[in-house]
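Enquirer: Sequence:
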Amino acid sequence: MKSETMEEHKKKSPIKVNCGVITLSDTKYKDKQNGVNTDLSGEIIVEELKKKYTVKSYEIIPDEKKQLLKIIEKMKAENIDVILTTGGTGIGSRDITIETVKPLFEKKINGFGEIFRLKSYEKLGSGAMLSRAVAGTYGKTIIFSMPGSPNAVKLGISLIIDELGHLKKHLNE
Numbered sequence: 001m002k003s004e005t006m007e008e009h010k011k012k013s014p015i016k017v018n019c020g021v022i023t024l025s026d027t028k029y030k031d032k033q034n035g036v037n038t039d040l041s042g043e044i045i046v047e048e049l050k051k052k053y054t055v056k057s058y059e060i061i062p063d064e065k066k067q068l069l070k071i072i073e074k075m076k077a078e079n080i081d082v083i084l085t086t087g088g089t090g091i092g093s094r095d096i097t098i099e100t101v102k103p104l105f106e107k108k109i110n111g112f113g114e115i116f117r118l119k120s121y122e123k124l125g126s127g128a129m130l131s132r133a134v135a136g137t138y139g140k141t142i143i144f145s146m147p148g149s150p151n152a153v154k155l156g157i158s159l160i161i162d163e164l165g166h167l168k169k170h171l172n173e
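Residue numbering for the sequence shown follows the UniProt record's numbering, beginning at 1 and increasing consecutively.
Rather than coming from a laboratory, the hints here were simulated on the basis of the structure. Take the hints with a grain of salt, since some may be wrong.
Here are the simulated distance ranges between beta carbons [stated by the list, open to error]:
(1) Gln33 with Tyr121: 33 to 39 Å
(2) Lys169 with Thr27: 36 to 42 Å
(3) Phe105 with Ala128: 19 to 25 Å
(4) Lys51 with Ser126: 15 to 21 Å
(5) Glu78 with Leu124: 15 to 21 Å
(6) Val36 with Glu73: 24 to 30 Å
(7) Ile15 with Glu122: 28 to 34 Å
(8) Gly125 with Glu73: 22 to 28 Å
(9) Lys154 with Glu78: 36 to 42 Å
(10) Lys51 with Lys30: 35 to 41 Å
(11) Glu43 with Gly90: 31 to 37 Å
(12) Glu173 with Gly125: 36 to 42 Å
In silico PhoX-like links for lysine-lysine, alpha-carbon gap of 20 Å or less [as the list claims (entries may be wrong)]:
(13) Lys102 with Lys65
(14) Lys76 with Lys56
(15) Lys140 with Lys107
(16) Lys56 with Lys70
(17) Lys16 with Lys52
(18) Lys76 with Lys119
(19) Lys102 with Lys140
(20) Lys154 with Lys50
Note that CB positions come from ideal geometry on N, CA and C, so glycine has one too.
Please construct the entire structure, taking both the sequences and the accompanying hints into account.
Expert: Written out as structure tokens, the structure is:
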């Protein structure tokens, strides 16, 4: 059931949304340093975003907190509206994405993680509880953090792609 009010808001939403993509993976970073891009998940996000929006930045970095914060600040300074991260969301010792981005959030967008886990559960079963996908606002930037698997980013991007202009509209009010 669609909401008439929400559909009206979407019609009045900005068409231009500047996006940034960050892949956190020690392995993908090393591959990139060796001249090979093995980042299938980051590429999926970039290609899907380009269908509707502008991708101004795409970075592959190791699972390092300081580097992630530096790239987020750089993207914010470049007036990127939406940052999508992939990888580093697990429970392993090198998985630092969630612990790094959550303290930045001024407002959480809890529905993203909740819906992501529900849809993951419908496809994968109870293993979906391992997902720590999150979203929130940081100044005038929205950050979505998703797991690193290609199927996870396909699901995540499918949930948000049509809402980015709508989200930008509300964040700028």
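Enquirer: Is it true that the C-beta distance of Phe105 to Ala128 lies inside 19 to 25 Å, as the hint says?
Expert: holds (22 Å)
Enquirer: I want to verify a distance hint. Is the separation of the beta carbons of Lys51 and Lys30 within 35 to 41 Å?
Expert: Cβ of Lys51 to Cβ of Lys30: about 30 Å, so the range 35 to 41 Å is violated.
Enquirer: Next pair to validate is Lys56 with Lys70; report whether the Cα-Cα distance is within 20 Å.
Expert: With a Cα-Cα distance of about 16 Å, the restraint between Lys56 and Lys70 holds, given a limit of 20 Å.
Enquirer: Assuming the hint says 36 to 42 Å, is it satisfied by the Cβ distance from Glu173 to Gly125 or not?
Expert: Holds, at about 40 Å.
Enquirer: Checking one constraint from the list: CA of Lys154 to CA of Lys50, max 20 Å. Satisfied?
Expert: holds (14 Å)
Enquirer: Quick one, are Lys102 and Lys140 close enough, alpha carbons at most 20 Å?
Expert: Satisfied, since the Cα-Cα distance of roughly 15 Å is no more than 20 Å.
Enquirer: Okay, Gln33 versus Tyr121 on CB: inside 33 to 39 Å?
Expert: holds (36 Å)
Enquirer: With a cut-off of 20 Å on the C-alpha distance, tell me whether Lys16 and Lys52 pass.
Expert: holds (8 Å)
Enquirer: For the pair supplied as a hint, Lys76 and Lys119, confirm whether the alpha-carbon distance does not exceed 20 Å.
Expert: violated (30 Å)
Enquirer: Is the distance from the Cβ of Glu43 to the Cβ of Gly90 consistent with 31 to 37 Å?
Expert: violated (20 Å)
Enquirer: Does the beta carbon distance between Gly125 and Glu73 stay inside 22 to 28 Å, or does it fall outside?
Expert: violated (38 Å)
Enquirer: Between Lys140 and Lys107, is the straight-line Cα distance small enough, at 20 Å or below?
Expert: At roughly 11 Å apart (the allowed maximum being 20 Å), Lys107 and Lys140 satisfy the hint.
This entry does not satisfy hints 4, 5, 8, 9, 10, 11 and 18, going by the numbered hints stated previously.
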